[in-house]
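J.: Sequence:
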Amino acid sequence: MKIKQSLARFALVGVVSGLLACSAEEPAPHVSIVQPLDGATVGRAVKVVMAVDGMKLHEAGEIIPGTGHFDLIVDGSYAPMGEMIVDDREHHHFEKGETEGTIHLLPGDHVLTLQFANGHDKSYGHALGHSITVHVK
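With my numbering, you'll find the sequence shown wraps up at 117, consecutive numbering, no jumps.
Treat the hints as calculated values from the structure; they're not laboratory data. Note that CB positions come from ideal geometry on N, CA and C, so glycine has one too. Warning: the hint list may mix true and false statements.
Stated by the list, open to error - Keeping only pairs whose Cα atoms sit at most 20 angstroms apart, straight-line, the calculated DMTMM-like set for lysine to aspartate or glutamate is:
(1) Lys102 x Glu42
(2) Lys36 x Glu70
(3) Lys117 x Glu75
(4) Lys102 x Glu6
(5) Lys36 x Glu75
(6) Lys36 x Glu6
(7) Lys117 x Glu70
(8) Lys36 x Glu78
(9) Lys36 x Glu80
(10) Lys27 x Glu70
(11) Lys76 x Glu39
(12) Lys76 x Asp18
(13) Lys102 x Asp33
(14) Lys76 x Glu6
(15) Lys27 x Glu6
(16) Lys117 x Asp18
(17) Lys27 x Glu63
Stated by the list, open to error - Label pairs and their computed distance ranges (CB to CB):
(18) His10 x Ile83: 18 to 28 angstroms
(19) Gly19 x Thr82: 37 to 47 angstroms
(20) Thr113 x His10: 33 to 43 angstroms
I would like the entire structure built from these sequences, with the hints used as guidance.
T.: Okay, here's the thing in structure tokens:
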């Protein structure tokens, strides 16, 4: 009898655990600037290290669902979802799937906004963006 009760409890624990695992949602994809840290004082040549979770890096050129590349916007805001990220001095494109790069900034405070974009440079929007502020000496 005790064996049957133990087996029944074990089975119930397995069923409940399975249901909880099925109901748990996957975390939303997100990007982050790993380096420099928010509020850091940096030199004019700034090494930026970027990361993405929940999506895969892929070089620009073709659209593959669930993939993209980084764009770094200096002193600008997020691009709305589906909007093309422009190519100018304030927008740094990492179209080969790079996770780090060096940008050059003038002295002063700057906002760096990391944006994830698809293979045709169209933004995934604010949800896949991250901003920090740095002080360039």
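J.: Could you tell me which of the numbered hints above are not met by this structure, giving the numbers in increasing order?
T.: When the structure is compared with the hints, numbers 2, 3, 4, 12, 14, 15, 17, 19, 20 turn out to be violated.
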